[in-house]
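Colleague: Use these hints to put chain B onto chain A, whose structure you have.
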Amino acid sequence: MGYDILSKIIEFTDSEEALEKRLEDVAALLISFFAFDQCAIYLFDQEKKILILAVEAGSKQEGQRVYREDEGLPGLAIKTGKPVFITQFGRIKDVWQGIADKSASGFKTVICHPVKDDILYGALYMRSMDKKIISPKKKKLLAVIALQLATAIKNYECIVHLTDANKKMQDMQARLVHAEKLLALGEMAATLAHEIRNPLMSIGGFTKRLQQQLGADPSHSAYVERIVKEVERLEKLMDGIVRFSDKSGYELSLEDINNIIEEAAQFFEDEFKGSGIAVVRDMTPDMPRIEADRQQLKLVFNNLMANAIQAMAKGGTLTIQTRHEDNWIVTEMSDTGGGIDIKIMSNIFNPFYTTKETGTGLGLAITHTIVTNHKGIIEVNNNMGVGVTFVIKLPVAREQGGNYE
Amino acid sequence: MNEKILVVDDEEGIRLLYKEELMDEGLDVHLAASGEEALAKLEKDKFDLIVLDIKMPGMDGIEVLRRVKERWKNLPVILSTAYHHYKQEFGTWASDAYVVKSSDLKELKTTIKDILNTGRK
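In order, the protein sequence lines correspond to chains A and B. With the first letter of the first sequence counted as 1, position 368 gets the number 368 in our numbering; the numbers rise by one all the way through. Quick note, our numbering runs 1000 ahead of the 1-based positions in the second sequence.
Okay, chain A solo, but in the shape it has when bound (with noise of 0.2 Å):
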């Protein structure tokens, strides 16, 4: 008979269920077992260090539903690692030798058994109404049922732990290659920009010399200037693509990420005025200073705030919040502009790409590889319809008490 409740008992542990649906089973069969009323199964905190009511099963259902690790009839279980059993002619009160534990109030039969193997995963709780004598034989099976819970619960987390470490494996392997693509078309771009660098130094400088030497003459100018224009603004372009993949050369020093913020957003003044933005400034004052070349950061500002007057043209709220949290700076940017269309999502920090008819799609690449370059992350939070959060933590400088690698 014992074998009966033992090989369902495994039967339930190690279903596919969910752990509470497997619990409420054995606790279900432990009172049809035992025939005791009531059967909960508390779970332990290992962090709080409390017991948890996880399920309860049987009759009126009123067990406490938290337990200190020292408190009640689960907590002298707990503490002493052995099954406390109680059984007497009249009803148990609220104190039962000296231990308070309303739950067992009112019964007769009182089981308190520990889950545990090397570590303590829970306990269970077995209340019945009437005397019960618990033979030695039926203890000794619950002392095996207690274990086999215990390694259910424990195989449960284990494969929680895996499934959660699995996943961060996985978020941290798509962000390895987002960032190898990243620095692939980095380099790829700079090969590109230096072959095409030169005879674009040859196209514009001949040019300019056929400019000066036909004159004024309108037959040939404006096409003259065309091309001078349009060598111009490919010259540009490449320099972009040279700063982008432009590694070294940083000039750190200690800055305030607050003074550089202020410094792009002064840049925009007249943009913000004329797009009817309106800044709201959110910074905590006299953070800790970060290591950073404040050129480059700067640019990582102009960027976010070009986007998001892009993003605006109709007006808008810009809010710009800092704060210090544990070795970072954080700089949250947020706009009113409607947020990013999620099909686009995975492809802002890609460089050349753009949705606009006149970028060069190296903004948010260069964004991105300053962010980098600087140690920090840069993430963005999509609200669809409302707006875009960037997100950009900098490691406090170490000398100001960041312990940065």
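Take these hints with a grain of salt, some might be off.
Said to hold, decoys possible - To be clear about the criterion: a stretch of chain B counts as covered by chain A if any three or more of its residues have a C-beta under 8 Å from a C-beta of chain A, and this derived list gives those stretches:
id, stretch
1, 1015 to 1022
2, 1109 to 1118
Claimed, not checked - Each pair of labels, with its calculated beta carbon distance range:
id, chain 1, residue 1, chain 2, residue 2, range
3, A, D217, B, D1104, 20 to 30 Å
4, B, D1104, A, T372, 45 to 55 Å
5, A, K168, B, R1067, 52 to 62 Å
As the list claims (entries may be wrong) - Some chain B residues flagged as far from chain A (calculated, every beta-carbon gap over 12 Å):
id, residue
6, G1026
7, D1028
8, D1048
9, L1105
No lab work stands behind these hints, which were simulated from the structure alone. Predicted model only: the values in this text are computed from it and were never measured. Backbone N, C-alpha and C fix where the C-beta goes; we use that ideal spot for every residue, glycine too.
Modeller: Chain B only, in chain A's frame:
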């Protein structure tokens, strides 16, 4: 007498552009298509200034600069390249000036004039 300058660049178009533009400035312009050719010309002739491209196949501009400064300590060298970041690189410190290449040669011309004027004083 016109100052004699040597332009070193592996791109033919750029050599010709420099030649025409700098001749208009009244300079006596000579050309070299590689570092090796430049060093050979420097052995034979006396120059007042070199405009030197950094990125060249074979001997690159940084190496040419090093050899020039070893042998002709007072010969001014202007480095010209597509990259801003060479500015911070160790090897470029020895140059007298640094110009980022552009179809707009104003910066190069001004730099050449400044260096030659300083030398005359």
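Colleague: Each hint needs a verdict: does it hold in this structure or not?
Modeller: We went through each hint and held it up to the structure:
no.: 1; hint: 1015 to 1022; result: holds (count 4)
no.: 2; hint: 1109 to 1118; result: violated (count 0)
no.: 3; hint: A:D217 to B:D1104: 20 to 30 Å; result: 22 Å, holds
no.: 4; hint: B:D1104 to A:T372: 45 to 55 Å; result: 32 Å, violated
no.: 5; hint: A:K168 to B:R1067: 52 to 62 Å; result: 54 Å, holds
no.: 6; hint: G1026; result: 16 Å, holds
no.: 7; hint: D1028; result: 19 Å, holds
no.: 8; hint: D1048; result: 23 Å, holds
no.: 9; hint: L1105; result: 6 Å, violated
Checked against the numbered hints listed earlier, the structure breaks hints 2, 4, 9; every other hint is satisfied.
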